[in-house]
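J.: Taken in order, these protein sequences are the chains called A and B.
Just add 5 to the spot in the first sequence (first one is 1) and you have the numbering used here.
Just add 1 to the spot in the second sequence (first one is 1) and you have the numbering used here.
Hints should not be assumed to be uniformly reliable.
Claimed, not checked - DMTMM-like cross-link-like pairs, simulated, lysine to aspartate or glutamate; straight-line CA separation at most 25 Å: (1) Lys184/A to Asp142/A; (2) Lys184/A to Glu36/B; (3) Lys214/B to Asp68/B; (4) Lys276/B to Glu135/A; (5) Lys184/A to Asp57/A; (6) Lys184/A to Glu32/B; (7) Lys276/B to Asp211/B; (8) Lys184/A to Asp211/B.
Claimed, not checked - Residues from chain A shown here face chain B by an in silico Cβ test under 10 Å; the list is partial: (9) Gly50; (10) Tyr158; (11) Val163; (12) Glu166.
Said to hold, decoys possible - Over the 10 Å line for every Cβ pair with chain B, so calculated as not near, a few chain A residues: (13) Val20; (14) Asp27; (15) Glu56.
Derived from the structure by calculation, the hints contain no laboratory data.
For glycine and all other residues, C-beta sits at the position ideal for the given N, C-alpha and C.
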Amino acid sequence: METPVRDLSDAQLAVAIGRFRDDALAEAYRRHGGAVFALARRVTGDSGDAEDVTQEVFLRLWNQPDRFDADRGSMRSFLLAQSHGKAVDLVRSRTARARREERDARATASAGYDLEHEVWDLAVADQVAEAMAALPDEERSAIELAYFRGHTYREVAVLLEQPEGTVKSRIRNGLRRMKGSLSESGVRGS
Amino acid sequence: MNIELRHEEIESLLGAYALDAVSPEEAEAIERHLETCPRCRAEADAHREVASAIGNSFEPLPSGLWDRIAADLGDDPRRGDVVPPSPLTLPTSRGAAPAGTEESEDGGDELAGARRRRQSGRARRVAIAVASVAAVVIALLAFSLSNANNKVSQLRDAMSGSGAGAAASAALGSAGHQVVDLTTSSGAQLASFVLTRDGHGYLLHSSMPDLPKAETYQLWAMIGGQPISLGLMGNSPAQASFTVSGSATVSALAVTVEPAGGVVAPDRPPVATGKVVAA
């Protein structure tokens, strides 16, 4: 008798998905779908887009379960990275289109305000929010603009009027600092 | 277009890469490099974990989305027979009803709907409930919670027949347990829970004042930045237990005062909160 999917670890679920057990995929969706959808919606700002992203992410898990390597991180983290990548692709293609269409229109609105409210007040775990808040402002804003707004580091450099090299190291240092303080407060990667 | 980047250039881009903030050409070059450089791969993985912690939250899934996904899975002959999912035990519309009363009102309807879908024409396909509110609870938690105002029988599952006090005592004696004090914003202690390493929680003591009949205390777990209902504690809490299952990492417990039926998501500030230290 097969183990019920409810009792499988994420790594075991991935193996079961590789054996074409769609109940295992359903279980992965049950465990992680809400987070995948939430991140996609936050980045794209659109529920329809977020549904498309979520669908793609789980179909990809179904078709290529080997891409998930339990030794390199949690399934949640893996799926969120997929969700983020696809969401950013959507945002960028949309932005590129909008840019072509509005070449002469005024510059895009600056980022920041609603981000703080939407993201930091409501959706981020306490410790993560605390760790983010503890970052130097310039590191935090670089990470926010890149991660939640889908900007490349080059775009962030333009937005923040900083050299590209500075932005690269701020992002990298900020993430390292976050890792340090999250480990200290006992938060694991999701 | 293929580009080549030096090791130092790759290193400097690893943070941006983890945030999907590099160009496709750079991403390609970095990925080629990661295949042969364990040190950079480890750093990129660590950045990804942090990124996913930042991006980890939860939203109820739109109904019908799973059906769309399932419809695209195709009928691969290699697939084994699908084992129907075990019955969902939690989904109530309120996400907070006491154990044993699942399938109340619309939450139950959603489930029934899911079962009907499963039985009709999609026998091999797994149907899972994607009811928006139910999903919040289903996704992460199985809970069992009781209190002096509810039936003692509701405790049975969580307590394996023993008294709540005995279960709490056993929890206090278990390896790796922790005691979480819930305090008000002014620092007064309102309640304490003991949490075992395997996800069971028991109320140790409470000094929560009695509420009017029309109100109840509701217990929440902060998971991935979202409050997930652990259940109702009634208006005069004396006993409570819950179980957090799956891969959920609880960062805090919180208690709110709500209308007697409980609420799906708290819209009032908690009367007491306590941080949980990750195992």
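J.: Against this structure, judge whether each hint is valid.
T.: Hints, one by one, checked against the model:
With a CA separation close to 17 Å, the supplied pair lysine 184/A and aspartate 142/A stays within the 25 Å bound. At most 25 Å may separate the alpha-carbon atoms for a hinted pair to count; lysine 184/A and glutamate 36/B meet this at roughly 23 Å. Restraint check for lysine 214/B and aspartate 68/B: the C-alpha separation of about 42 Å exceeds 25 Å, so the hint is violated. In summary, the hint linking lysine 276/B to glutamate 135/A is supported, as the alpha carbons are separated by about 13 Å, within the 25 Å threshold.
Between lysine 184/A and aspartate 57/A, the direct Cα distance comes to roughly 31 Å. Violation of the 25 Å bound is thereby established for this hinted pair. Our distance criterion of 25 Å between C-alpha atoms is met by lysine 184/A and glutamate 32/B, whose separation comes to about 22 Å. Annotation: proposed proximity of lysine 276/B to aspartate 211/B holds, straight-line Cα distance about 24 Å (limit 25 Å). This hinted pair does not check out: lysine 184/A and aspartate 211/B have alpha carbons roughly 43 Å apart, beyond 25 Å.
For the restraint placing glycine 50/A at the interface with chain B, the shortest Cβ-Cβ distance is roughly 13 Å, beyond the 10 Å limit, so the hint is violated. The criterion of a C-beta within 10 Å of any C-beta in chain B is met by tyrosine 158/A, whose closest approach is roughly 4 Å, and the hint holds. With a least beta-carbon distance of about 13 Å to chain B, the hint placing valine 163/A at the interface is violated under the 10 Å criterion. Interface hint at glutamate 166/A: violated, since its Cβ lies 17 Å from the closest Cβ of chain B, which is beyond the 10 Å cut-off.
Every Cβ of chain B is farther than 10 Å from the Cβ of valine 20/A; the closest lies at roughly 13 Å, confirming the non-interface assignment. Distance check for aspartate 27/A against chain B: the nearest CB is about 5 Å away, which does not clear 10 Å, and the non-interface claim fails. A Cβ of chain B approaches the Cβ of glutamate 56/A within 10 Å, the least distance being about 5 Å, so the stated non-interface status is violated.
Violated hints, in rising order: 3, 5, 8, 9, 11, 12, 14, 15; the structure is consistent with all others.
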